[in-house]
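A.B. asks: Spelled out from the first residue to the last, the chains are:
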Amino acid sequence: MSRIWETPGGIHPPANKRQSLSLPIDYPELPERLVVPLDQHGGRPCRACVEVGQQVLKGELIGVVDGPLGAAVHAPSSGTVTAIEPRPAGHLSGRPARCIEIAIDGLERWTSRQRVADYCQMSAPQLVDRIAQSGIAGLGGGGFPTATKLTTSGHPPIATLIVNATECEPYVTADESLMRERADEIIQGIDILAHIHGNRARMVIGIEQSKPEALAALRTACAKSAVEIVEIPRKYPSGGERQLIYALTGKQLPSGEIPANIGVLCINVATVYAIKRAVIDGEPLISRVVTVTGGACATQRNYQALIGTPIKHLLRHSGVNNNRLNQLIMGGSISGFKLPSDEVPVVKTSYCILAPDIDEFAPAPPERACIRCGRCAEVCPASLLPQQLLWHAKAANHQQLEEHNLFDCIECGACSYVCPSHIPLVDYYRAGKVHLDAARQVKSNAAQARQRFEFHQLRLARLEREQSLRRAARRSAAVPSNAPRAPVARLSSADIIADAQNRAASKQPTVEQTLDKLQRNISMLQNRLELAEQRLVAASDDTLNKQNSLRAAVEGARQKLQRAEQRLTEQAHG
Amino acid sequence: MGELSAVSAYLSTSAVLLGLTLMCGALIGSAWALFPADRDRRIVHIDDLLPQTQCGQCGHPGCRPYAEAIADGQPINRCPPGGQATIDALAELLGVESLALDPEHGTENSEISVAYIREDECIGCTKCIQACPVDAIVGAAKLMHTVIVDQCTGCDLCVEPCPVDCIDMLPAPINGGRGLASSALLAKSSILAHRNAGQAQRELP
Numbered sequence: 034m035s036r037i038w039e040t041p042g043g044i045h046p047p048a049n050k051r052q053s054l055s056l057p058i059d060y061p062e063l064p065e066r067l068v069v070p071l072d073q074h075g076g077r078p079c080r081a082c083v084e085v086g087q088q089v090l091k092g093e094l095i096g097v098v099d100g101p102l103g104a105a106v107h108a109p110s111s112g113t114v115t116a117i118e119p120r121p122a123g124h125l126s127g128r129p130a131r132c133i134e135i136a137i138d139g140l141e142r143w144t145s146r147q148r149v150a151d152y153c154q155m156s157a158p159q160l161v162d163r164i165a166q167s168g169i170a171g172l173g174g175g176g177f178p179t180a181t182k183l184t185t186s187g188h189p190p191i192a193t194l195i196v197n198a199t200e201c202e203p204y205v206t207a208d209e210s211l212m213r214e215r216a217d218e219i220i221q222g223i224d225i226l227a228h229i230h231g232n233r234a235r236m237v238i239g240i241e242q243s244k245p246e247a248l249a250a251l252r253t254a255c256a257k258s259a260v261e262i263v264e265i266p267r268k269y270p271s272g273g274e275r276q277l278i279y280a281l282t283g284k285q286l287p288s289g290e291i292p293a294n295i296g297v298l299c300i301n302v303a304t305v306y307a308i309k310r311a312v313i314d315g316e317p318l319i320s321r322v323v324t325v326t327g328g329a330c331a332t333q334r335n336y337q338a339l340i341g342t343p344i345k346h347l348l349r350h351s352g353v354n355n356n357r358l359n360q361l362i363m364g365g366s367i368s369g370f371k372l373p374s375d376e377v378p379v380v381k382t383s384y385c386i387l388a389p390d391i392d393e394f395a396p397a398p399p400e401r402a403c404i405r406c407g408r409c410a411e412v413c414p415a416s417l418l419p420q421q422l423l424w425h426a427k428a429a430n431h432q433q434l435e436e437h438n439l440f441d442c443i444e445c446g447a448c449s450y451v452c453p454s455h456i457p458l459v460d461y462y463r464a465g466k467v468h469l470d471a472a473r474q475v476k477s478n479a480a481q482a483r484q485r486f487e488f489h490q491l492r493l494a495r496l497e498r499e500q501s502l503r504r505a506a507r508r509s510a511a512v513p514s515n516a517p518r519a520p521v522a523r524l525s526s527a528d529i530i531a532d533a534q535n536r537a538a539s540k541q542p543t544v545e546q547t548l549d550k551l552q553r554n555i556s557m558l559q560n561r562l563e564l565a566e567q568r569l570v571a572a573s574d575d576t577l578n579k580q581n582s583l584r585a586a587v588e589g590a591r592q593k594l595q596r597a598e599q600r601l602t603e604q605a606h607g
Numbered sequence: 036m037g038e039l040s041a042v043s044a045y046l047s048t049s050a051v052l053l054g055l056t057l058m059c060g061a062l063i064g065s066a067w068a069l070f071p072a073d074r075d076r077r078i079v080h081i082d083d084l085l086p087q088t089q090c091g092q093c094g095h096p097g098c099r100p101y102a103e104a105i106a107d108g109q110p111i112n113r114c115p116p117g118g119q120a121t122i123d124a125l126a127e128l129l130g131v132e133s134l135a136l137d138p139e140h141g142t143e144n145s146e147i148s149v150a151y152i153r154e155d156e157c158i159g160c161t162k163c164i165q166a167c168p169v170d171a172i173v174g175a176a177k178l179m180h181t182v183i184v185d186q187c188t189g190c191d192l193c194v195e196p197c198p199v200d201c202i203d204m205l206p207a208p209i210n211g212g213r214g215l216a217s218s219a220l221l222a223k224s225s226i227l228a229h230r231n232a233g234q235a236q237r238e239l240p
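One line per chain: the protein sequences are S and D, in this order.
Offset between the first sequence (1-based) and this note's numbering: plus 33.
Offset between the second sequence (1-based) and this note's numbering: plus 35.
No lab work stands behind these hints, which were simulated from the structure alone.
Please note: incorrect hints may appear among the correct ones.
[Unchecked claim] Calculated pairs, EDC-like style, for lysine to aspartate or glutamate (alpha carbon to alpha carbon, straight line, at most 20 Å):
(1) K476/S / D185/D
(2) K466/S / E143/D
(3) K476/S / E127/D
(4) K427/S / E444/S
(5) K427/S / E400/S
(6) K476/S / D123/D
(7) K345/S / E134/S
(8) K284/S / E39/S
(9) K162/D / E195/D
(10) K427/S / D470/S
(11) K476/S / D83/D
(12) K476/S / E195/D
(13) K162/D / E497/S
(14) K427/S / D83/D
(15) K345/S / D107/D
(16) K476/S / E411/S
(17) K476/S / E487/S
(18) K593/S / D532/S
[Stated by the list, open to error] Some residues of chain D that are not near chain S, with every Cβ distance over 10 Å (derived):
(19) A41
(20) Y45
(21) E143
(22) P196
(23) C197
(24) M204
In this text, a Cβ means the ideal position worked out from N, Cα and C, and glycines have one as well.
Build out the structure end to end from the sequences listed, making use of the hints.
C.D. replies: Structure, rendered in structure tokens:
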């Protein structure tokens, strides 16, 4: 049994997971239309590579990565592209995102799938490339492009490969049901990751003790494998990346660094499953397991839903009673966010759709003043000072926010959960982060503008200097207007004539120059003669009149040439 | 007699103190002249607080020249793009009382704007290119010009020289450019994260 390090803070909210675990993962019937957002991952949104009206096959590439960071998007089912336009998206910002709408033909025609019998024959870059082409992004909610995470260059070799199977958030059971039913494929996925990292890394699955069935399934699946399973006590948020790394390795990830810098790779269990499907079965990421739960649903269970399935469709499938529906939440009950409408689609990062009953979530009581009880600091998993952060966020004191490491806040919501004054602390921190980001942006913009202004000034000064130098040069070259002039003598007309003759004589060309000129003249005349003769030949069947004039031209050219040659011989001998 | 000596002692003490005060004041006052490097550092700090719009509304041909003027004792309330926040920050840096923005130099405008050239109407005169203090307009003589939105500081200086009035100052785009800070990101803060006490605190059947 491996040692476990105890993480600071944390809370123990009611799990509420049993409701959705009584039934196995279901494949809902196909919706009529799929709405696939082009922005489902970290980095820039994809660029659509299909057109409206185009037929697409299941698994066909429809959005290509546009920029250094991104994950490709594939058609989740076969059909026709009917629109490419902004649609409401299940995104934290609540803004519409560009989506590709596909009208499904229901035939589920696959594009060609390249299965790999033995991935051990493939090199690490080949495997990473395959994962990149399959459009896999962190399915645990982060949405970071997995291929980028797996790139082995630029950091120390990976010593520990952590598979995050904690799923600590209340209500969410997507990963748990996946582990119960598809443990073998998950272990295969881990083996692929181990192969990418040269089979040197320690492989650990971090899973909460509260999932006995999933644990048993994983134990059976990895009986012959080197994969280690480590049970950690149930606590929210044990599944935060930093928290899990500390719990399993005792290493603290420094602020602002990525796990790879300390030789750790942390990947969600659903992502590992997606990697297996991509590498071995040749299936891009076009579906995922989503928990649909909450008191308003008649059946609470997990679905293997196609990416782009409207949430409305899944809710209908679960028999949601709209009269009893309180609100729609994407994610779990603590860190999830409210959905603007039920039109938004399932994306790569949607692990749970929560449709609570009216009685299930009471409206939050009004916010009261902080009584400095300090419970928020006790439960903070990042060991921050939530009270101080609250003051500074309210005062928009950017410097202090930065000094109190606001950006280490993982927005888990534990502080808000325990606050006896019902202060929505996380909302303040999110707003604070936005303002801090904005201030940083303004600062960097100003720095850029300053640099450009200074260069502009420098350029103007240089131009000015160059111009004044040119002016000075011209001035010194010209005869100064106030310099004494040579006395002008009165000349007789004879003198003037003599002067002119002298000038003309000095302009007389030398013999060489004359010869040169004559030579040039001759060669030009030869050309002209040739041309005239050619024309005469070409015009042999023309009218007599024209032939005559051409013949005259030839004759003229010949005479001119003769004369020129004569002059040349005279000059040469004279 | 005793009283008199006490008074004279008091007077001489105050005179000495006064002399010391004046001397210290004179020393501090001349410090800038004595240590020119300090002045340069001061200018850099002041320049850091200015918004770098390079609009010239303060009466100087850019932010750096205004920073130099402030270092030499000019009022700190002449920067409309920076607004009250900049004046307050300058006051704190220099240890002087904060002032209200001098209305003679313009009014504060909270909205960030950038220049747009109506490209169909541009005749390619290059006047705006010459006016732009941060080289954010590209184009050549008799060819259409355009503004690099990400580099535009919204200083307005290109608007006036345009002979065909084809430059508009419009709000900065939300996505990218200088408007990045605005609504798109702020929308994030409005999301619901808070379902605490009283909410699903109990285990459901």
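A.B. asks: Report the numbers of all earlier hints that the structure fails to satisfy, in ascending order.
C.D. replies: 2, 12, 14, 15, 16, 18
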